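Sequences listed follow chains S and L, in order.
The opening position of the first sequence corresponds to residue 20 in my numbering, with each subsequent residue numbered one higher.
The opening position of the second sequence corresponds to residue 5 in my numbering, with each subsequent residue numbered one higher.
Hints are computed from structural coordinates only; laboratory data are not their basis.
Hints should not be assumed to be uniformly reliable.
Unchecked claim - Have a look at the derived ranges for each label pair, beta carbon to beta carbon:
#, chain 1, residue 1, chain 2, residue 2, range
1, S, E104, L, G90, 20 to 28 angstroms
2, L, K8, S, R163, 29 to 37 angstroms
3, S, A262, L, A152, 45 to 53 angstroms
4, S, G36, L, A78, 26 to 34 angstroms
5, L, E7, S, F287, 47 to 55 angstroms
To be verified - Straight-line Cα separation of at most 16 angstroms, EDC-like style, residue types lysine to aspartate or glutamate; simulated pairs:
#, chain 1, residue 1, chain 2, residue 2
6, S, K71, L, D32
7, S, K70, L, E7
8, L, K8, L, E36
9, S, K66, L, E49
10, L, K8, L, D32
11, L, K8, S, E158
This one's a predicted model, so the numbers in the text were calculated from it and none came from an experiment.
Idealized CB from N, CA, C, for every residue including glycine.
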Amino acid sequence: MRSFVPAFELVAPRSLGEALALLDREPGVWRPFAGGTDLMVLLEAGKLEHKKWVSIRDLAELRGIAESAAHVDLGAAVTYGEVLESPTLAREFPSLVRAAAETGAVAIQNRGTLGGNIANASPAADSPPALLVYEAEIELASARGARWVRYADFHTGYKRTVMDPRELIRRIRLPRGAAGVHYYRKVGTRRAQAISKVVLAGLGRAEAGRIADIRIALGSVAPTTIRCRRTEALLAGRLLEPATIDAARRELAAEIAPIDDIRSSAAFRRRVAQNLLAEFLEGLSR
Amino acid sequence: VAEKVRLELVVNGARREVRAWPMARLLDVLREDLGLTGTKEGCGEGECGACAVLLDGLLVNSCLVPALQARGAAVTTIEGIAERAGRAAGGLSAVQEAFLACGGAQCGMCTPGMVVAAESLLERCPRPSDAELRAGLAGNLCRCTGYAKIFDAVREAAAARAGGGA
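The whole structure should be built from the sequences, with the hints applied where relevant.
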């Protein structure tokens, strides 16, 4: 049943400083509300329990994509649509662009934000696997200052993160120079709009037939998006041959923890995750 | 309980002022407060695109936009799409004419959102490939037509626009 809309407060501070001051004054009382593409769905379903929200989507300090020699910084309120329009991201971080293209459809991409996708902390989110293989860092701002955390350390459990209620994600920083084969594939019920059953991002390189660099991240197979470091360790330096790919498939199956839920089954997710890994690895030799 | 907020919007080119709950859906502001019932509610959860409108020129699902976030924005609904495309008020855009000519509408529930999404697509991408056409309308569900006639209509509209139509 729909929520009773008058019960919900939504305020729009004029600046990041004002928003942070509000979060600082009453920690946990106000929560950030970005593009609303997930929260409005909960509202409509009567499942949005929290009542006081701060709209941060239009804060100038959270917008824009900035480039320096070593990094590309994305404001937390950068939308998927803006990710899709960036030539730099298309050239250097194609898996993130692919993730943006596969998040909802155009109308969702124009509202949803990267920071929202991260803070919402769904294990099925589309951009986190790409952010993990690109070794993103997250800037968390509060009225008391700012800190950087590695995205790999950001999620601590299902829908849990290292964020304090007084903090907002301000920027997502991507280190430039990610080289090799960029792989991203999302498997859902249909190609468009659907939430993932399994999503895998990979970044890797082979030299003289051996795996040189390898990064693998998966969504929808564990309580959080995960970087598969055991499988990566097994693969590093190995000959790129069928026996290696078979060993990696087995290691991956042991490393992930998919479940049966409304969108898919554990067995299907495990098999598809293995198949995506194999497809990624086979692509390294081409 | 929240307090209603005063919102100034430019809706289909005209300044409008409403008082709305800050978390009210833009969809309800348009339909209930402004009487623009051309915008439809399908799923209410961002899946079907029946409520699609242009917000500051960008395609959005109005069921997912809280009223407060539309403050000061320019909104184009199906009622204003022909004028936005340069046609006279009360006329039809090239996309709307093509939907008529190609049988792109059956029950009509998805049609306003489908037309708005198609207009948005052709603005960004005047001669879409089949893949671009499918991606551009991927967020709009139709349960009647099987999509073929809708895609025909958008192709025809693209050709008409290229030939100098609106």
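Okay, the hints, checked on the actual structure:
Evaluation of the 20 to 28 angstroms hint for S/E104 and L/G90 yields a pass: the beta carbon distance comes to about 25 angstroms. Between L/K8 and S/R163 the C-beta distance comes to about 34 angstroms, which sits within the given range of 29 to 37 angstroms. Range check, S/A262 to L/A152: Cβ separation about 47 angstroms, and the 45 to 53 angstroms hint holds. Distance hint for S/G36 and L/A78: a CB-CB separation of about 28 angstroms, consistent with the stated range 26 to 34 angstroms.
In this structure the supplied range 47 to 55 angstroms holds for L/E7 paired with S/F287, their Cβ-Cβ distance being about 49 angstroms. Between S/K71 and L/D32, the direct Cα distance comes to roughly 20 angstroms. Violation of the 16 angstroms bound is thereby established for this hinted pair. With a C-alpha separation of about 13 angstroms, the suggested pair S/K70 and L/E7 falls inside the 16 angstroms cut-off, and the hint holds. Among the hinted pairs, L/K8 with L/E36 is consistent with the structure: their alpha-carbon atoms are about 15 angstroms apart, no more than 16 angstroms.
Between the alpha carbons of S/K66 and L/E49 the distance comes to roughly 12 angstroms, so the proposed pair stays at or under 16 angstroms and holds. Between L/K8 and L/D32 the alpha-carbon distance is near 14 angstroms, which keeps this suggested pair within the 16 angstroms criterion. With a CA separation close to 34 angstroms, the supplied pair L/K8 and S/E158 exceeds the 16 angstroms bound.
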